[in-house]
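Those sequence lines, one after another, are chains A, B, C and D.
The working numbering puts the first residue of the first sequence at 1109, with every later residue one more than the last.
The working numbering puts the first residue of the second sequence at 1109, with every later residue one more than the last.
The working numbering puts the first residue of the third sequence at 1070, with every later residue one more than the last.
The working numbering puts the first residue of the fourth sequence at 1070, with every later residue one more than the last.
Everything labelled a hint here was simulated from the structure, so no lab data went into it.
A quick note: this is a predicted structure, and the numbers were derived from the prediction, not measured.
One thing to keep in mind: the hints can contain errors.
Said to hold, decoys possible - Cross-link-like lysine to aspartate or glutamate pairs, in silico, EDC-like; alpha carbons within 16 Å at most:
no. : chain 1 : residue 1 : chain 2 : residue 2
1   : A       : K1164     : D       : D1103
2   : D       : K1178     : A       : D1118
3   : A       : K1155     : A       : D1185
4   : A       : K1155     : A       : D1118
5   : C       : K1178     : B       : E1179
6   : D       : K1178     : A       : E1179
Below, each chain spelled out in residue letters.
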Amino acid sequence: MTESLKLTVDDARDDLAVIRTDGYINNQGGEEIARVAYELIDKGHKKLLLDLSGTKIVNSIGISILIEIIEKMLEIDGKLAFCSLTPTIEKTFHIMGLAQYASIYPDEEAALQELAV
Amino acid sequence: MTESLKLTVDDARDDLAVIRTDGYINNQGGEEIARVAYELIDKGHKKLLLDLSGTKIVNSIGISILIEIIEKMLEIDGKLAFCSLTPTIEKTFHIMGLAQYASIYPDEEAALQELAV
Amino acid sequence: MQDVTLTLPMLPDMELTASKTASAMGEHIRMSRDKIDEIQMAVVEATINAFEHSGSPDRKVRIHFHVLGTEGDPTGLQITVTDHGTGIPDGRLPMPGNDGRKSAPLPQKRGHGLRIINGLMDSVDIRSDEQGTTVVMTKLC
Amino acid sequence: MQDVTLTLPMLPDMELTASKTASAMGEHIRMSRDKIDEIQMAVVEATINAFEHSGSPDRKVRIHFHVLGTEGDPTGLQITVTDHGTGIPDGRLPMPGNDGRKSAPLPQKRGHGLRIINGLMDSVDIRSDEQGTTVVMTKLC
Ligand SMILES: Nc1ncnc2c1ncn2[C@@H]1O[C@H](COP(=O)(O)OP(=O)(O)O)[C@@H](O)[C@H]1O
Ligand SMILES: Nc1ncnc2c1ncn2[C@@H]1O[C@H](COP(=O)(O)OP(=O)(O)O)[C@@H](O)[C@H]1O
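Just chain A, same shape as in the assembly (with noise of 0.2 Å):
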């Protein structure tokens, strides 16, 4: 009965992987995005970029799931990095303190150009 996120993955760079959402980010678009974070990680992806421009509305209990992915990272020494938000959902991540522990990039260029590296 819930709007479904959709996940896109771009994962033909050997390091760095790609998520592209499109709708909302709640409790299970978060726990969504967590399974193929991990699956992408599995695989021995140590950057991961989220590209949220099909996403114009989250809640805080998505984001929070998203806080468990960084979690990850930081442990395995490995990167999550978000691109391509909106003014508001930025603003949030800022209030969330998540912007201290995740880069935000305008766009997968700019992200891409930094990350690729």
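Please build the complex by placing chains B, C and D with the ligands on the supplied structure of chain A, with the hints as guidance.
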């Protein structure tokens, strides 16, 4: 205090002009379309194509004003046609009896092919 | 249990608030986009009718969204639009087989709202008296 | 006069209905897209708090949208989210200067909702007791 409809006009052709709508066609929206249509008629355009691809919602008051444009067109032996309607707007045009007096095309390309002769 | 109610002031374009709520409800029960669009159009028509014709002294329209079926298995949406106006005058309700217009050379301009609602929804029930008007319309998934 | 009320059942994703209504209201008074987005996010947080924490026996949340200023010159939107639950436990309200977390090596996962509402809206007033919780939040145009 109303969300205003945006219109763009393509009157590069001699006989035929295209009006593209973006937004809600309510009372004011219909009147705005009529104002632009009458200007184009005054400039000598005898065929008008209304491209509603940017309109997802209409109301019957707005559409009643489009019927006035059809009347005007019949008077001057001209033609008003529509394209790019959502299935619901097309259904509504049929219920209102509009489809008998104005041609409806799937998109601008199909409309121009038939109208620009 | 799954009911949503919305009370709107009679102000320009407030019907869009009703149609957006209808859309959210339709998405909630995973209706197809086309059916949701039809519901949105019908809700707009019922709401502007109350705005334009009811003459309701409280200048409010109440819209009730009721999910048919169960929470796990919703089967449709029933929407009730209520005003406390003066009611629909006799003879204004569209009759089956009488589409409200003579064989005119041109389509009639106004008087389509109730027929649009009938045409787009699966079932429509209108109750109207001097206390006001209630339009109950149903769309199945 | 320009008030809209919405009563929602406590069901998954029903907060989106509230946020869509908020969006329609913001558009109605021609607020900027960014401000509308902030309102939508704050309304989602206040609504899911009521869903998740209130324990309200009627399993309903009431949301009231009030346009500030006059009809011709709206100056903002005041949104009140009310539940009839058990209230916010003492010590859970975020305090100014106390952002609710110690200087931890990681951001805390939960407990951000009320701070998000405070951060995104222009003013927020929370009243809560054993009869329930009312969050009043205002955003100026
Ligand atoms: N909520 C209402 N209250 C009072 N009268 C109504 C209401 N809805 C419809 N009517 C009456 O029924 C007539 C037909 O309505 P409708 O089919 O929607 O067409 P229109 O709104 O274009 O007149 C209206 O002209 C009005 O007299
Ligand atoms: N409507 C409510 N009814 C009862 N308790 C509430 C309500 N809203 C918030 N709370 C309490 O305040 C705490 C903090 O809420 P919040 O800042 O939104 O973070 P979170 O929802 O992640 O816990 C909640 O854990 C809950 O105990």
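| request: Please flag the earlier hints that this structure goes against, numbers listed from lowest up. | output: Number 2 only.
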